[in-house]
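2 protein chains.
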Amino acid sequence: MSDTAAIEAKLKADQPRHVDILKRFVAIPSVSTDPAYRQGVADAAAFVAGRLREAGMGEVAIHPTDGHPVVTASWRGAPGAPTVLVYGHYDVQPPDPAEAWRSPPFAAEIRDGRLYARGASDDKGPMLIPIAVAEAFMQADGRLPVNMVFLFEGEEEVSSAHLEPFVAAHRDLLKADFTLSADGAQWRADLPSVTVASRGICALEVTVRGPGKDLHSGRHGGAVANPIQVLARLMAGLHDDAGAVAVRGFYDGLDPVSEAEVAAIAAIPFDEAAYLKEVGAPEGAGEAGYTLLQRNWIRPTLEFNGVHGGYTGAGKKTVIPKEASAKITCRLVPGQDPARIVDLLARHLEAAAPPGVRVSVKRETGGAPAYAIPADHPGLALSEDVLEGVLGRRPVRVRMGATIPIGDIFKRVLGIDTVFFSFATVDEDYHAPNEFFRLSSYQAGMIAWARYLARLGERRG
Amino acid sequence: MSDTAAIEAKLKADQPRHVDILKRFVAIPSVSTDPAYRQGVADAAAFVAGRLREAGMGEVAIHPTDGHPVVTASWRGAPGAPTVLVYGHYDVQPPDPAEAWRSPPFAAEIRDGRLYARGASDDKGPMLIPIAVAEAFMQADGRLPVNMVFLFEGEEEVSSAHLEPFVAAHRDLLKADFTLSADGAQWRADLPSVTVASRGICALEVTVRGPGKDLHSGRHGGAVANPIQVLARLMAGLHDDAGAVAVRGFYDGLDPVSEAEVAAIAAIPFDEAAYLKEVGAPEGAGEAGYTLLQRNWIRPTLEFNGVHGGYTGAGKKTVIPKEASAKITCRLVPGQDPARIVDLLARHLEAAAPPGVRVSVKRETGGAPAYAIPADHPGLALSEDVLEGVLGRRPVRVRMGATIPIGDIFKRVLGIDTVFFSFATVDEDYHAPNEFFRLSSYQAGMIAWARYLARLGERRG
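For the protein sequence lines, the chains are U and H, in the order given. At position 32 of the first sequence the residue is numbered 32 (UniProt numbering), and the sequence of numbers has no breaks. At position 448 of the second sequence the residue is numbered 448 (UniProt numbering), and the sequence of numbers has no breaks.
Please note that the accuracy of each hint is not assured.
All copies of an identical chain are treated as equivalent in the list; a pair is satisfied when it fits inside any one copy or across any two copies.
Claimed, not checked - With a straight-line Cα cutoff of 27 Å, these simulated DSS-like cross-link-like pairs (lysine-lysine) come out:
#  : residue 1 : residue 2
1  : Lys175    : Lys23
2  : Lys277    : Lys175
3  : Lys12     : Lys362
4  : Lys12     : Lys411
5  : Lys277    : Lys213
6  : Lys213    : Lys23
7  : Lys10     : Lys411
8  : Lys10     : Lys175
9  : Lys12     : Lys23
10 : Lys213    : Lys10
11 : Lys10     : Lys23
12 : Lys213    : Lys12
13 : Lys362    : Lys175
14 : Lys277    : Lys10
15 : Lys175    : Lys411
16 : Lys411    : Lys213
17 : Lys277    : Lys12
If you are wondering where the hints come from, they were derived from the structure by calculation, not from laboratory data.
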């Protein structure tokens with residue numbers, strides 16, 4: 001085993017500088033879903049490229065795509081050693097609802113050892129870790145223990161919409177033995193874990209249009225269809241009374257889950273009451289007949305992410321609005337094709353339109369199927385060994401209800417698997433107000449990445 | 001019959017001045033439902049008081065209430081002549097959605113003989129008419145043909161929430177033979193009509209709260225209840241498949257509608273296709289078993305005026321929101337008490353709450369029951385005679401799907417009925433973007449009010 005003591009000491013000593021870098025990074029509002037933030041996304045890409053250059057990586061490039069740019073860099077000076085493709089993303093979720101933030105979302109504030117800002121945990125803090133570690137190796141040794149390729153995208157929060165064609169067009173640049181992902185938060189702050197599977201995603205937006213303009217709800221109420229009422233009925237019809245998705249074909253062709261997998265999930269220490277308390281929910285809910293972890297990890301879901309129609313300001317406005325709409329995403333499990341599911345839902349909704357309204361469905365592109373790493377992947381075992389050493393406890397293997405589309409993309413296009421090696425944790429309120437990243441995780445992540453790369457470097461071909 | 005030719009000529013000659021007064025009036029943003037416009041409401045009250053003073057009315061007063069002020073004035077110099085209580089309101093609906101206006105909502109713009117602005121038709125244009133007519137009589141004759149009391153409120157758009165206690169506390173000031181309302185738009189632009197009944201209203205807002213904060217819909221989807229999903233099911237459950245309200249007791253105790261009334265409605269010339277084309281609805285919709293006019297005039301409804309939850313900006317945000325809410329109003333018919341209906345709905349919604357969420361209902365105050373004027377009221381017959389003379393066609397008697405709470409309030413508290421004598425028409429997009437008032441109606445209304453008052457003055461007791 002390489003002695004990484006010097007590297008680790010250097011990384012610890014440099015923490016103030018790395019915190020400062022993260023502060024500057026999160027100050028860039030790189031919201032990928034909203035065109036209003038286009039410049040922020042471009043600025044963040046430039047920031048990442050600058051950090052890779054500072055770290056001494058070669059071939060640093062910002063690649064335009066049909067969406068937001070991809071930033072790559074590489075160092076291939078260790079012939080015979082393995083090559084890892086490091087993945088992360090520099091885009092972030094929208095800051096809404098802005099008024100719920102204790103401190104501004106795009107200005108870092110440290111409270112109780114946590115750095116609060118949009119993107120701090122997902123994924124700006126975690127993705128800076130491998131860059132910092134590579135920089136430390138270069139500064140200390142003038143070389144890295146393994147060959148490394150870096151790929152940071154700006155569209156993870158919009159389902160990595162343009163990543164697949166980019167990867168397909170840059171197979172040589174991205175050639176590696178496996179992916180080591182800085183994204184893919186750890187399951188819990190109190191239990192070391194490695195993530196071995198993620199659900200897929202697909203998205204659509206349904207709009208119900210009734211009258212040609214907003215109408216007075218007294219003058220016209222009873223005469224014409226109310227788009228909100230129709231939308232509510234359409235939405236309500238998407239689940240049955242037992243919480244299952246009530247769209248024909250939704251569950252068709254699911255890959256069977258083995259008894260061993262079910263038993264493994266059941267064996268994971270999980271305090272349901274503590275979880276519900278943490279998220280502030282009075283009770284669990286969802287598809288009947290499954291445990292909470294099963295519903296969250298190995299069952300597909302259909303979630304309403306937003307609904308809007310009519311007057312939503314203070315007081316009341318007696319209006320029949322001309323339209324109402326809802327944003328929907330599904331989380332998918334192995335066997336479900338995103339495009340097929342979107343199509344099923346769209347046809348179901350369009351067919352359910354009653355007289356008096358027009359129903360239209362916007363099929364969002366960029367869905368992703370579910371992904372799982374083979375249980376015997378050596379990069380996975382190494383991550384478990386390193387985490388045990390750094391965190392003092394053997395990690396459990398967990399699944400992820402969320403989606404990281406790259407697992408599927410790298411497998412299909414490059415033929416390589418993805419090991420999730422992130423130091424975010426799921427309680428850090430990413431995708432919500434007051435997102436934060438634990439500074440202790442920032443440092444522990446650097447130690448762990450240094451050890452991982454060093455131990456991987458011992459495995460020469 | 002009095003010769004009002006001189007008064008009419010004066011009113012016609014003064015039209016440019018009256019249009020200018022209306023322009024200044026609509027420039028005051030007197031949105032009663034939104035506290036942000038509080039100053040605008042106060043400014044509008046002051047404007048009305050100023051106009052009443054200019055018109056030569058006495059005892060002009062701005063009365064504070066627990067909500068927005070009431071403006072009154074009177075002239076009682078015709079002993080033995082009837083006394084009319086003139087009603088109107090100076091508050092307006094919110095301008096939302098602002099982006100749908102062709103010209104700014106609070107700056108009048110005249111296009112094709114129509115004055116566009118929020119409140120132009122409801123009710124600022126119509127309520128200026130009786131003031132202009134009284135002014136013309138005072139300037140020409142130094143007196144009015146009848147005794148007049150003016151009451152202009154600032155809370156009509158919020159169900160006249162504080163009007164009843166005001167009226168109860170000012171019975172002497174408001175003593176009159178009947179109310180002549182400048183509010184209560186005519187049914188159609190192409191068919192003279194008098195309104196003989198209006199539906200009541202009650203309002204509530206239902207909020208579904210799930211997790212304590214917005215959650216990532218992948219990380220938590222399937223584990224906890226989604227408030228939007230629960231809200232949609234609650235909303236969908238409020239109507240049955242035939243479009244009737246599915247809340248036990250909602251239809252209890254309705255006053256029977258006579259066969260004669262049903263026949264009268266059926267006899268009214270009404271082109272359903274033309275109506276639907278005008279409002280831009282592909283088809284009619286609503287409670288099965290009733291005609292469109294029956295559904296709109298003599299059947300109660302439950303309408304969703306607004307719904308909101310989660311992310312509604314551009315693109316998508318994969319969130320399970322912590323809450324979602326909907327604004328609801330019901331239009332009521334004779335026999336339905338607003339407070340009882342709100343209570344029924346609130347208890348129904350609260351009882352329907354599934355595990356995993358909390359459902360709360362905000363019971364809005366200030367509902368109003370339905371109202372109808374006796375068919376043989378002499379003030380009603382006079383309005384028909386005058387309209388026939390001014391518009392060249394005998395008006396039909398129609399009902400109104402909307403609510404003017406004063407009908408019920410004046411009847412119960414003062415014991416007097418209300419004749420609706422408004423010159424707005426229902427197609428003028430009040431409660432919607434691009435509200436307008438026909439300048440031809442502004443002038444015709446002044447002629448009609450002058451003739452009405454003159455003929456009423458001939459009826460000395």
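Structure versus earlier hints, numbers of those that do not hold, lowest first
1, 2, 3, 4, 7, 8, 10, 12, 13, 14, 16, 17
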